[in-house]
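Student: Chains as they are written, first to last, in our numbering: chain C, 1074 to 1285; chain P, 521 to 850.
Please keep in mind that the hints were generated in silico from the structure rather than gathered at the bench. Computed from a predicted model, the values in this text were never measured in an experiment. All C-beta atoms in this analysis are idealised placements derived from N, C-alpha and C, irrespective of residue type, glycine included. Mixed in with the good hints there might be a few duds.
Unchecked claim - To give an idea of the chain C side of the interface with chain P (calculated C-beta under 7 Å), a few residues:
no., residue
1, 1105
2, 1106
3, 1194
4, 1198
5, 1227
6, 1238
7, 1280
What the hints assert, rightly or not - Just so you have them, the derived chain C footprint on chain P, three or more residues with Cβ under 8 Å:
no., segment
8, 650 to 663
9, 746 to 759
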Amino acid sequence: MTPFKKGAEANLYLDDWYGRKVVIKNRVPKVYRHPSLDYKLRVSRTIREAENMHEARKASVPTPIIYIIDKENSTLVMEYVQGTRIKEILDQLSSEERDKVCQQIGREIGRLHNVSLIHGDLTTSNMIRVDDDKIFLIDFGLSFHSQDDEDKGVDLHLMKRALDSTHYRCAHETMRSIAVGYEEAVGKESASRVLRKVREIEYRGRYFSQRA
Amino acid sequence: MRRLCLGIESTAHTFGVSVVSNDGVIHSDVRDIYVPAAGRGIHPSEAAQHHNSVAHNVILGALKEAGTKPREIDVIAFSCGPGLGPCLRVGATVARALSVYLRRPLVLVNHALAHIEIGSLTTGARDPLVVLVSGGHTAIAAYAERRWRIYGETEDITLGNLFDMFAREVGLATPGGPEVEKMGAQGKELIDLPYTVKGNDVAYSGLLSAALREYRKGVSLYDLCFSLQEVAFSMMAEAAERSLAHTEKKELLLTGGVAANKRFQSMLESIAEDHNARFFAVDRRFSGDSGAQIAWNGILAFQSGVTVKVEESLVKPRWRLDQVDVTWRS
Chain C
1074 MTPFKKGAEA NLYLDDWYGR KVVIKNRVPK VYRHPSLDYK LRVSRTIREA
1124 ENMHEARKAS VPTPIIYIID KENSTLVMEY VQGTRIKEIL DQLSSEERDK
1174 VCQQIGREIG RLHNVSLIHG DLTTSNMIRV DDDKIFLIDF GLSFHSQDDE
1224 DKGVDLHLMK RALDSTHYRC AHETMRSIAV GYEEAVGKES ASRVLRKVRE
1274 IEYRGRYFSQ RA
Chain P
521 MRRLCLGIES TAHTFGVSVV SNDGVIHSDV RDIYVPAAGR GIHPSEAAQH
571 HNSVAHNVIL GALKEAGTKP REIDVIAFSC GPGLGPCLRV GATVARALSV
621 YLRRPLVLVN HALAHIEIGS LTTGARDPLV VLVSGGHTAI AAYAERRWRI
671 YGETEDITLG NLFDMFAREV GLATPGGPEV EKMGAQGKEL IDLPYTVKGN
721 DVAYSGLLSA ALREYRKGVS LYDLCFSLQE VAFSMMAEAA ERSLAHTEKK
771 ELLLTGGVAA NKRFQSMLES IAEDHNARFF AVDRRFSGDS GAQIAWNGIL
821 AFQSGVTVKV EESLVKPRWR LDQVDVTWRS
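Chain C extracted, bound-state conformation (with noise of 0.2 Å):
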């Protein structure tokens, strides 16, 4: 089979499972890296993917449906979700639709992070806009637990920093309204707290300068 998507670190694979449509995500070994790393990564990242998938569901955060896990194959099974990449329309968007898409991204990160799951990896690669009113979330494979406000803000500051990259043209609006959706959904106080740590990771970077 050939892939549909090729990924970063897994193919994945369009099927049919009891008539259902399926994604087949197999994290494939990488040569690059010595095999024992390469083999603990690709099943502790598999294993964490479900879990914090479906605990994320829980949590009434769209994720995919996790149908097979297969450990040493590294392999997941998981519904197919219909929709569209932000990364590819959020350029696009008027930006009274963007505002209402972001603040929904910022809702849907503050209930992971209300029952302390942290995503790892939030880009706009990593969500897809469904029927134009639902956010999935996909991509758990760096995610973890933790109630740390450090956590939170590394993950906050990665999103930030995909948007400045990446979508560097509405980079201010966009950021400032998931901020919006998460002080939303997490509280004022919390949101306060989290974003600070936002902006004290950042000044910990390289050369950035809290005169600047």
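Starting from the known structure of chain C, fit chain P onto it as the hints suggest.
Tutor: Chain P only, in chain C's frame:
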């Protein structure tokens, strides 16, 4: 018309001067490198003193090697940041003096961007995803609309820092990268060390602490060097692969001091191949800091009309790559 640029590099260890022409020919490249005492890191004011004492000879050397008279130089460029303040000010002072004395325009160059431009010049890469790894940088960037956009970056120390600090603590010489590479070549067993990738970002301070902990436990230094390299490079390679998949660029360019590492090159080459991208590594002679990168970037900037008045040529120790307005790339 042929134009000659004299570039001065002085962000950290290296005081380097080079003459480069606008057709991309590097006519000379002379460097004098400050070496801290064994077991010590770079001391900014000592490094600056070093630069002060060698500046005269390095400049004369670069002119002589190029067969150029001072009057034939058309433009003076210097590395204005990011880097160590005292070191940057030596290069800045020398550049301003030359600019005033020879009555030639002055150009400020961002050191990180210069690593990218010399990488592009020596490889022919046109629109690459760039992996910039050195003592001062560990970042993944691509160009769009007059800016280099950062896709991933270290959240704490750089790859160069990691190897330098490790080497210093275990009694190896600095710069640590080549030493760790040499020792690691004799290691076999992969020791369990923390692997930290956050999206396209990496963080190395936890890895450094863990590696030093293993060292104090008496683990073989060969195996430890081997494992440190494997883990540190795999993390960065993965971040690069994520960025490559996300940006869908067709070229991958490795540049900066750590780019000389063969193991890291082979990892990125494998990734590029996997994603149908062409892989380029900066010419080994120009991976480390040099006046050539500054002179080449300087002439590019100059030809697009970027110059600065001497009285406004202040150094910028924290001048980030993504803050530079790039006027010479399309």
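Student: Indicate, hint by hint, whether the structure satisfies it.
Tutor: Against the structure, the hints:
Contact between residue 1105 of chain C and chain P, as hinted, is supported at the beta carbon level, the nearest pair being about 4 Å apart and thus within 7 Å. Look at residue 1106 of chain C: its Cβ gets to within about 5 Å of chain P, closer than 7 Å, so that hint holds up. Interface restraint check for residue 1194 of chain C: the shortest CB-CB distance to chain P comes to about 5 Å, inside 7 Å, so the restraint holds. At about 5 Å, the closest approach between the beta carbon of residue 1198 of chain C and any beta carbon in chain P falls short of 7 Å, and the interface hint on this residue holds.
For the restraint placing residue 1227 of chain C at the interface with chain P, the shortest Cβ-Cβ distance is roughly 6 Å, inside the 7 Å limit, so the hint holds. At a threshold of 7 Å, the smallest CB-CB gap from residue 1238 of chain C to chain P is about 4 Å, leaving the interface hint in force. This hint holds: residue 1280 of chain C has a C-beta 4 Å from the nearest C-beta of chain P, less than the 7 Å allowed. With a threshold of 8 Å between beta carbons, the proposed coverage of the segment 650 to 663 of chain P by chain C holds, since 5 of its residues qualify and at least three are required.
Only residues whose beta carbon comes within less than 8 Å of a beta carbon in chain C count, and the segment 746 to 759 of chain P has 5; three or more means the coverage holds.
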